Structures are given as C-alpha cells and as structure tokens.
Amino acid sequence: MNGVHDMGGMHGLGPVEAEKDEPVFHEEWERRVLAMTLATGFLGRWNIDMSRSMREQMPAAEYLATTYYEHWLWALERLLDANGLVRPDETEGRMRAPRPGQVPASPPAGVAPLLAAEVEAKLHRARGARVDVEVAPRFRIGDRVRARNDHPTGHTRLPRYARGREGTIDRDHGVWVFPDTHAAGQGTRPQHVYSVRFAARELWGAEAAARDAVYVDLWDDYMDPA
Amino acid sequence: MSSHFSDVELRVKALESLLVDKGLVDPAALDTLIDLYENEIGPRNGARVVARAWTDADFRRRLLEDGTSASAEMGFLGRQTDKLVVVENTPGVHNLVVCTLCSCYPWAILGLPPVWYKSAPYRSRAVIDPRGVLRELGTELPDDIEIRVWDSTAEVRYMVLPERPPGTDGWSEEQLGAIVTRDSMIGAGLVGVPAGAAP
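Chains as they are written, first to last, in this note's numbering: chain A, 1 to 226; chain B, 1 to 199.
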C-alpha cells in the first residue's frame with residue numbers, strides 16, 4: 001500500500017538526531033513489547049510479512065507521531081485479535097482492573113507458547129524467508145530491468161521511489177518467499193530476489209551526485225526487462 | 001485516575017498479563033529474549049568480525065564473498081538471519097545501510113538498532129540525500145567518493161566493512177575491535193583512532 005511507512009525520498013521529516021551513549025531500551029515497556037512480539041511470533045499464527053503488513057495499517061498521522069515499539073504494540077494487539085487470541089476489550093478491561101480475571105490457564109488447542117529453555121534453539125532454527133527450492137531466475141547479473149509501476153493496496157516491498165525506474169541486477173540472493181502473497185495468506189510464491197543498482201540520478205534527477213547509487217532488494221515479480 | 005503509569009505502560013502490562021494468563025506467553029521466555037538482545041547480542045559481535053577481516057586476508061575474502069558463513073565461523077548469526085551481505089568501504093566507495101520501509105537491521109551481528117536508524121528522518125532521506133544524512137551524523141565525505149546506499153527491502157541483511165584507519169599497523173585483533181564503532185558498520189560513520197587509543 002502507498003502508506004506513510006514507504007518514506008524513502010520524502011522531505012520534511014526533520015534532521016537525523018543521534019543520541020550519545022544511547023541505551024538499548026529507553027523504557028521497561030519497550031523491552032516487554034519486543035519480547036512479546038518475538039515470543040508470540042513463535043505461536044505460528046502469523047508470519048513476518050503479516051506483522052509488517054499490520055504495522056503498515058496504522059493510520060498515517062498516528063504512525064508518524066509514535067515510536068517504533070508503539071508501532072509494534074499496535075500491530076501485536078491487532079494480530080492477536082485477528083487470530084482470536086486476545087480481544088481489545090480484554091486488554092481495555094485489564095487496564096482498568098489490572099488483576100487476573102477468569103481466563104483459561106491453558107492455550108487454545110494447537111497453540112504452544114515459546115518456553116524460556118527453547119529460546120536459543122528456536123531463534124537459531126528460525127528461517128525467515130529463504131526457501132530451498134529450485135526456481136529459475138528471470139534475470140541474470142548485469143541485466144537491465146525496470147521496476148514495475150504497480151500500486152497494490154496490500155503489502156509490498158517494492159518502494160515507491162523505485163517504481164518505474166531502470167536499474168541493473170547486481171547480485172542474485174537466491175530464492176525467497178514473496179511478501180505480497182505471504183502477507184495476505186496466499187502462499188509463499190517462491191522466487192529469486194536480487195540486489196538491483198539504481199543510479200542516484202535515475203531516481204532523484206540531475207541534482208543527484210553522478211556516481212552515487214541506491215541498491216534495492218527486489219523480487220522477480222517486481223520487475224520487467226528494461 | 002491518578003496513576004504514574006502512562007497509557008502505553010498500562011496497555012503493555014495489561015497485554016502481558018493476559019498473554020501469560022491465557023498460556024500464550026511464558027514470562028521467563030520474555031526475560032530470556034530481553035537479556036539476549038540487551039546484553040548478549042550487540043555491535044561488539046560485528047566489531048570482532050571487522051577486526052578479523054582487517055587482520056586476516058583470507059577471512060576478509062570469505063566475508064565479502066559469503067558474509068553468512070564467515071560470520072557463522074565466529075559463532076555469530078543463525079538467529080533469524082537467512083543471509084548477511086558485507087559490503088566493503090574503499091578509498092573510492094562508501095556504503096550506507098538503511099531500511100526505508102520499516103527498520104530492518106542485522107540484529108544478529110549488531111544487536112538492536114539505535115533510535116535514529118528507525119526514525120522517519122533517516123528512513124526518508126538516507127536514499128535521496130545520503131551526504132546530508134551523513135553530515136548530520138557527523139561525517140563529511142568528499143564529493144568524488146561514490147556512495148552506495150543499501151535499502152534492506154528483503155530479508156537479506158547488510159553490514160558495512162569499514163576502512164581500517166591509518167596508524168594502526170601492528171595492532172592486535174582485540175585492539176582493533178575496540179575502536180570499531182556501531183555506526184561505522186552501518187556506514188553512518190568512519191573508524192578513527194581515538195586519542196590515547198594507541199597500544
């Protein structure tokens with residue numbers, strides 16, 4: 001979707017400000033949100049693309065006014081609700097009366113929580129998106145390609161600034177699941193992902209530095225031969 | 001309604017207690033995950049990889065050819081990283097890593113990203129104005145250097161192999177590792193020799 005999350009090339013969002021000696025977390029709740037998001041990911045009810053897609057649903061004004069872990073929390077609550085695990089009214093109720101109520105102590109059938117003892121092993125085993133299947137690549141290194149000028153309303157990883165632009169295949173990363181369909185629960189549609197080199201001037205016009213370039217990782221389905 | 005908890009704190013506490021009560025989350029697993037990402041996985045891992053690449057030409061070659069296997073040799077990666085690509089800074093080329101669409105970052109080797117990396121200003125301008133962004137982060141690059149910006153739009157993760165600074169001949173891997181900064185491995189800075197760091 002053409003959401004505010006797709007912000008490559010925008011102006012007016014302010015200067016980049018680094019914090020000196022920045023801590024890993026600024027608030028305790030950030031720790032909990034990170035961990036809850038990672039742990040519930042192992043419930044197997046949704047995939048990473050569904051997670052990202054959900055974060056992109058946050059209303060634009062709210063997205064810009066909130067922090068990274070607030071985006072995560074917003075999406076986590078909605079993923080839990082959409083999967084019938086935690087309803088919003090349950091959370092609201094618990095916020096008003098933060099005492100355990102009458103809730104079942106065992107998870108729904110077929111759902112197993114990530115246990116502390118499994119954390120290391122499961123993190124090591126977790127394979128995000130690379131697929132061990134043979135799929136013929138549509139492009140070879142050095143090929144000239146044009147990113148498609150598509151504007152899907154669902155999840156996509158083809159940033160707006162690259163659409164319609166011409167680039168060169170720089171590396172072939174192998175075969176990966178396709179986020180557009182994976183996020184929609186429509187299968188993995190495995191295909192090659194490439195690093196595609198776009199000259200800065202192709203993307204940003206004559207004012208850009210002549211030698212600079214942006215490399216974007218793009219799937220077969222995002223491109224046509226130029 | 002007097003409470004010292006903000007709405008977001010209350011919401012997070014409420015959600016966690018519900019998840020625990022419903023058997024969907026093991027609170028000890030949350031603590032383990034937090035400890036891992038707060039204390040164990042961090043930019044020191046990446047710094048050790050860089051220092052080895054600076055002192056071992058064979059390792060450097062393997063790292064640039066296949067960052068995933070080379071980092072795994074050192075016991076890193078494996079944690080939710082399918083593929084790591086290491087891109088090399090040279091006197092003529094400077095690399096910068098960003099994720100314009102969310103905030104993808106090589107967690108396994110650099111830990112969790114700093115706030116500025118996840119911020120709208122960085123995500124929006126790193127691709128269109130890398131020199132301006134670098135200036136704001138404290139690094140001025142000459143006009144004749146080629147800047148390559150790597151937008152992490154897929155599950156491939158990128159790390160920059162910074163240039164070894166002059167004046168470090170004969171330094172040990174450990175001494176070199178100590179001067180490699182997180183920002184230099186994102187391409188958001190260069191490695192310098194801090195005053196008094198000479199062995």
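No wet-lab data here; the hints were simulated from the structure. Wrong hints could be hidden among the right ones.
Claimed, not checked - Heads up, incomplete: computed chain A residues facing chain B, CB under 10 Å, no partners named:
1. Trp46
2. Thr168
3. Arg197
Unchecked claim - Below, simulated SDA-like cross-link-like pairs (lysine to any residue); rule was C-alpha separation at most 25 Å, straight line:
4. B:Lys118 - A:Arg160
5. A:Lys20 - B:Lys13
6. B:Lys13 - A:Ile48
7. A:Lys20 - B:Gln175
8. B:Lys13 - A:Arg160
9. B:Lys22 - A:Arg78
10. A:Lys122 - A:Trp204
11. B:Lys118 - A:Glu22
12. B:Lys22 - A:Ala112
13. B:Lys22 - A:Glu90
14. B:Lys13 - A:Arg52
15. B:Lys13 - B:Gln175
16. A:Lys122 - A:Glu22
Stated by the list, open to error - According to the in silico footprint, chain B covers these stretches of chain A (three or more CB under 8 Å from chain B):
17. 9-17
18. 76-88
19. 135-145
20. 157-166
21. 183-192
22. 210-224
The model shown is predicted, which means the values in this text are computed figures rather than measured ones. Beta carbons are placed, not taken as given, at the ideal position from N, Cα and C, and that holds for glycine.
The hints, checked one at a time:
1. Trp46: violated, 13 Å
2. Thr168: Nearest chain B Cβ about 13 Å off; hint violated.
3. Arg197: holds, 8 Å
4. B:Lys118 - A:Arg160: Answer holds: B:Lys118 to A:Arg160 is near 19 Å, not above 25 Å.
5. A:Lys20 - B:Lys13: violated, 29 Å
6. B:Lys13 - A:Ile48: holds, 24 Å
7. A:Lys20 - B:Gln175: holds, 23 Å
8. B:Lys13 - A:Arg160: Since the Cα atoms of B:Lys13 and A:Arg160 sit roughly 37 Å apart, the hinted pair is violated (cutoff 25 Å).
9. B:Lys22 - A:Arg78: holds, 17 Å
10. A:Lys122 - A:Trp204: Distance of about 42 Å is beyond 25 Å: violated.
11. B:Lys118 - A:Glu22: Roughly 13 Å separates the two Cα atoms, so the pair holds.
12. B:Lys22 - A:Ala112: holds, 11 Å
13. B:Lys22 - A:Glu90: Holds, because 11 Å separates the two Cα atoms, which is no more than 25 Å.
14. B:Lys13 - A:Arg52: Satisfied, since the Cα-Cα distance of roughly 23 Å is no more than 25 Å.
15. B:Lys13 - B:Gln175: violated, 43 Å
16. A:Lys122 - A:Glu22: Roughly 29 Å separates the two Cα atoms, so the pair is violated.
17. 9-17: holds (count 8)
18. 76-88: holds (count 5)
19. 135-145: violated (count 0)
20. 157-166: holds (count 4)
21. 183-192: violated (count 0)
22. 210-224: holds (count 9)
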